[in-house]
Amino acid sequence: MKVTVGALFSVALILSSATAMAQSAERGERTFNQQCKACHTVDKGGASPIGPNLFGVVGRKAGTVAGYDSSDAMKKSGITWDEAALGDYLKDPKAKVAGTKMLFAGLKQPAQVADVIAYLKKVSP
Numbered sequence: 001m002k003v004t005v006g007a008l009f010s011v012a013l014i015l016s017s018a019t020a021m022a023q024s025a026e027r028g029e030r031t032f033n034q035q036c037k038a039c040h041t042v043d044k045g046g047a048s049p050i051g052p053n054l055f056g057v058v059g060r061k062a063g064t065v066a067g068y069d070s071s072d073a074m075k076k077s078g079i080t081w082d083e084a085a086l087g088d089y090l091k092d093p094k095a096k097v098a099g100t101k102m103l104f105a106g107l108k109q110p111a112q113v114a115d116v117i118a119y120l121k122k123v124s125p
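Under this note's numbering, residues 1 to 125 are what the sequence shown spells out, in order.
Some clues are possibly wrong.
Said to hold, decoys possible - In silico DSSO-like links for lysine-lysine, alpha-carbon gap of 30 Å or less:
hint : residue 1 : residue 2
1    : Lys101    : Lys44
2    : Lys108    : Lys75
3    : Lys122    : Lys96
4    : Lys108    : Lys44
5    : Lys96     : Lys37
6    : Lys37     : Lys76
7    : Lys75     : Lys101
8    : Lys44     : Lys122
9    : Lys101    : Lys76
10   : Lys96     : Lys108
11   : Lys61     : Lys108
12   : Lys75     : Lys61
13   : Lys91     : Lys61
14   : Lys91     : Lys76
15   : Lys101    : Lys91
16   : Lys101    : Lys37
17   : Lys94     : Lys76
18   : Lys75     : Lys91
19   : Lys61     : Lys44
20   : Lys121    : Lys61
21   : Lys91     : Lys37
22   : Lys122    : Lys75
23   : Lys91     : Lys108
24   : Lys61     : Lys101
25   : Lys91     : Lys121
26   : Lys108    : Lys37
27   : Lys75     : Lys44
28   : Lys94     : Lys37
29   : Lys122    : Lys37
30   : Lys75     : Lys94
31   : Lys61     : Lys96
32   : Lys44     : Lys94
33   : Lys122    : Lys61
34   : Lys44     : Lys96
35   : Lys75     : Lys121
36   : Lys108    : Lys121
37   : Lys121    : Lys101
38   : Lys121    : Lys94
39   : Lys37     : Lys75
40   : Lys61     : Lys76
These are computed hints drawn from the structure, not numbers from a lab.
All chains, full assembly: derive it from the sequences and hints.
Below, the structure written as structure tokens:
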């Protein structure tokens, strides 16, 4: 069996990408704990202390968390939380959903946004 340099490079690239994704979720968890945890939980069946519980947020329709009174703007937004919608919202919540109850100004560093999304995907079944 012949192994080419290109094939070895491809395998190395795939492995490094998987490692980078895992590290991204870890960084996202740290950022979440520093920036988001005061208002949000990510535990299955967890409370919605100030903001909605974010367990399973990826793929969920905005404004539909049981036990949390979302703003009318969020309920009427028509958003289903995918990576693009989460990215826009995490950068500038009020620009994405005018009238949101979220007081957070947003994450300004694109890497932090990507990392938090990776973490939220990890906690979304």
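Which constraints among the numbered hints does this structure fail? Numbers only, ascending.
none
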